[in-house]
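There are 2 protein chains.
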Amino acid sequence: MDLSAYVKSQAQKAKAAARPLAALTTAVKNRALLEMAQGLSEESPRLLRENARDLEAASASGLSSALIDRLRLNADRIQAMADGLREVAALPDPVGEVVKMWRRPNGMTVGRVRVPIGCIGMIYESRPNVTADSAGLCLKSGNTVLLRGGSEAIHSNRTIAEVLTKASAKSGIPEGAIAFLDSVDREAIREMIRLEGIVDLIIPRGGEGLMRFVVEYSRIPVIKHDKGLCHTYVDEAADLKMAEAIAFNAKVQRPATCNAMETLLVHEAVDKLLLPRLAERLRASGVEIRGCPRTRAILPDVRAVSEEDFHTEYLDLILNVKVVQSFEEALEHIAAYGSQHSEAIVTRDYGRAQRFLREVDAAAVFVNASTRLHDGYQFGLGAEIGISTTRIHARGAMGLEELTSTKFIVYGEGQLRE
Amino acid sequence: MDLSAYVKSQAQKAKAAARPLAALTTAVKNRALLEMAQGLSEESPRLLRENARDLEAASASGLSSALIDRLRLNADRIQAMADGLREVAALPDPVGEVVKMWRRPNGMTVGRVRVPIGCIGMIYESRPNVTADSAGLCLKSGNTVLLRGGSEAIHSNRTIAEVLTKASAKSGIPEGAIAFLDSVDREAIREMIRLEGIVDLIIPRGGEGLMRFVVEYSRIPVIKHDKGLCHTYVDEAADLKMAEAIAFNAKVQRPATCNAMETLLVHEAVDKLLLPRLAERLRASGVEIRGCPRTRAILPDVRAVSEEDFHTEYLDLILNVKVVQSFEEALEHIAAYGSQHSEAIVTRDYGRAQRFLREVDAAAVFVNASTRLHDGYQFGLGAEIGISTTRIHARGAMGLEELTSTKFIVYGEGQLRE
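Those protein sequence lines, which keep their order, are chains A and B. Just so you know, numbering that gives the first Met the number 0 puts 389 at position 390 of the first sequence, and the rest follows in order with no gaps. Just so you know, numbering that gives the first Met the number 0 puts 241 at position 242 of the second sequence, and the rest follows in order with no gaps.
Fair warning: there could be bad hints in the mix.
No distinction is drawn between identical chains; accordingly, a pair holds when it is met within one copy or between any pair of copies.
Unchecked claim - Heads up, simulated DSSO-like pairs for lysine-lysine below, C-alpha to C-alpha not over 27 Å straight-line:
1. Lys165 <-> Lys7
2. Lys12 <-> Lys226
3. Lys7 <-> Lys169
4. Lys406 <-> Lys165
FYI, nobody ran anything at the bench for these hints, they're computed from the structure. Model, not experiment: these values are computed from the prediction.
Same shape as in the complex, but just chain A:
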């Protein structure tokens, strides 16, 4: 079979499973999730063996040690995948929830009910656990999934998908509900994202190259998980101890994530009070600071920040610092350079806090909290498939509800259109 026919046949299997899967009860889906967790635990030795093949290939091809670490499975990480599936089993089922129901003047009752989206195409480049996480979240929300992981994790991903498929089948999950695209050819992605009418939604998670490719060629709706260029603005009325803690957390706690801070904006009234202490703490954690002229007047050994730096998502221990003359200048900077992902203000001023929440255009806007808190678990969505940077359907952290759509149901008694 050629690649195009193979991709289509895998997608059609997933599509065919969508109707029977949507009809399953919560109990059946939860049982399957527990079986899947059990399967991962039982098949640990095989998972580790297959993962070793990926690690070997990665070493041979000279992948960085950070990337190799992301790829690695071990007993703890397999346990974490299994626990993740059990947690999803414990979450409420979004399918069938009546979001709203009302009576019309002509007597008919109209309701909006949550339903699965259908068949979801997941394209990812990250760690193998995404295979299990995505399969679990899609299953619980009644969606079938076509999984396409990164080529560097092909052995791990294939084995995880196999284990999950076999375990889910035991509980009556229809064949095809967890479909895996077993191809490292990038053309497989192109074929997949053109299957309009078969795949209902594409969720890409990965670097800019993947995003551009998917947006360019997809005929299917796409919910992007794209980059985050996030700011923290320390207002003149900030509690400076809080500001220091929040800025430090937003930069250092896990710099390689999309909701980490890339640029710190500081009001000129407090720059001399905040920056020396904060810079000392940041440097002690290995952070390189790049500053505007005024920052460099306070921190003389800091290198100059460039226009390009302000546009860069470092995903690393590097921080731009800019002193602003006003709240408005901070808003303008965020509007000009931000990626509408996660933005924070630290202030004790009521009016500016409210204005920041209202006027800053981002998926999540924070007052007096770290942007690192933008996360499905932290927000209480239960689990997350990622953080959407698309402006429609689901903006920001996406949980189970965001993997559903709604349909109208109408209870009539013979109503006609006049």
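Starting from the known structure of chain A, arrange chain B on it as the hints suggest.
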């Protein structure tokens, strides 16, 4: 300026207006809507003059009289456009609504607030009133709009857009909030749908050719208003008088709409009781019936329905009739041929009514009511920009709420990610 630069500059104007527009109060937006209504009334003579140019060109190019009638403006239709804007002014503003707000264990309060989507690209082929309707709905929901109407209505659309822009400016609406793409070149659409990062959402309303074109080339999320291939299933337990009335209404009340019925499914236990009377009524209204063998045994002078007929959205006074042996056969037929738009069952059976609502995959599912009721006004959404056939963001009738997105807002007191 070449076409590509022109389209981009119009889109950029609309994009630039998005932030100031989003910040306006409801009062300002409502005042603008009333000014816009007033403007249309006052400029009636000019609108009629420009519309006459479109009508002349349409006659000269041999457009059908039905299409010419759709194109025509008159005093009543201008009044209806103005009234539509006044109705939108009277609707609640969706922007700023806190959909939900909750406290997390770490003490931070997380909320979801409705916000405008940004800049919406409307592409339509239909009547000139869509220009005013779309502009009004986008304005009220805080979105700027880039309008691209059909070439046959270019003079009417251009003038309506001019009048609305001028009137809205009087009330402080930012320039560019209602932008018009003054080009009859189809390439303008291709340019427009590739402006990722400038236009945030594309809403196409029109025929299959336009839909295919937009899906093929768009780099921007698309909410399609595509075809409706809708069924009515008359169950063995139906109230046959009600079934007759619903089937007649769904076919005849306005056959050229997407929610009109194309195929009637009848349970074999009631076919002889229902079909003769219903067929008589339908034929008296000029409906051509195409039937399955069993239908033709009851209605001998009916022509045979083909496989292709079951796939055809007639948008006309033609009806396929098929007798089914069971409720399940009806569900299978709908799953195989329906376009997931609007589907109805007529029955007095509680269990099958519930199963139909649950198992039929469509944007709107009806028990004992006409599919023609699938409409924003009928459902109580207040007004509609159309009926979405996309499975994400907004499924089915789209009102003001569906023209918004949400963002997370977080009220913190120094919370960090541990």
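Against the structure, the hints:
For the identical chains of this complex, Lys165 and Lys7 are intra-copy neighbours only, at 22 Å inside a copy versus 51 Å across copies, given an alpha-carbon limit of 27 Å. In this assembly of identical chains, Lys12 and Lys226 lie within 27 Å of each other by CA distance solely across copies; the values are 25 Å between and 32 Å within a copy. In this assembly of identical chains, the alpha carbons of Lys7 and Lys169 lie at most 27 Å apart only when taken from the same copy (26 Å versus 55 Å across copies). Within a single copy, Lys406 and Lys165 get their C-alpha atoms no closer than 32 Å, and across copies no closer than 39 Å, so neither meets the 27 Å cut-off.
Violated hints amount to a single one, hint 4; each of the other numbered hints is respected by the structure.
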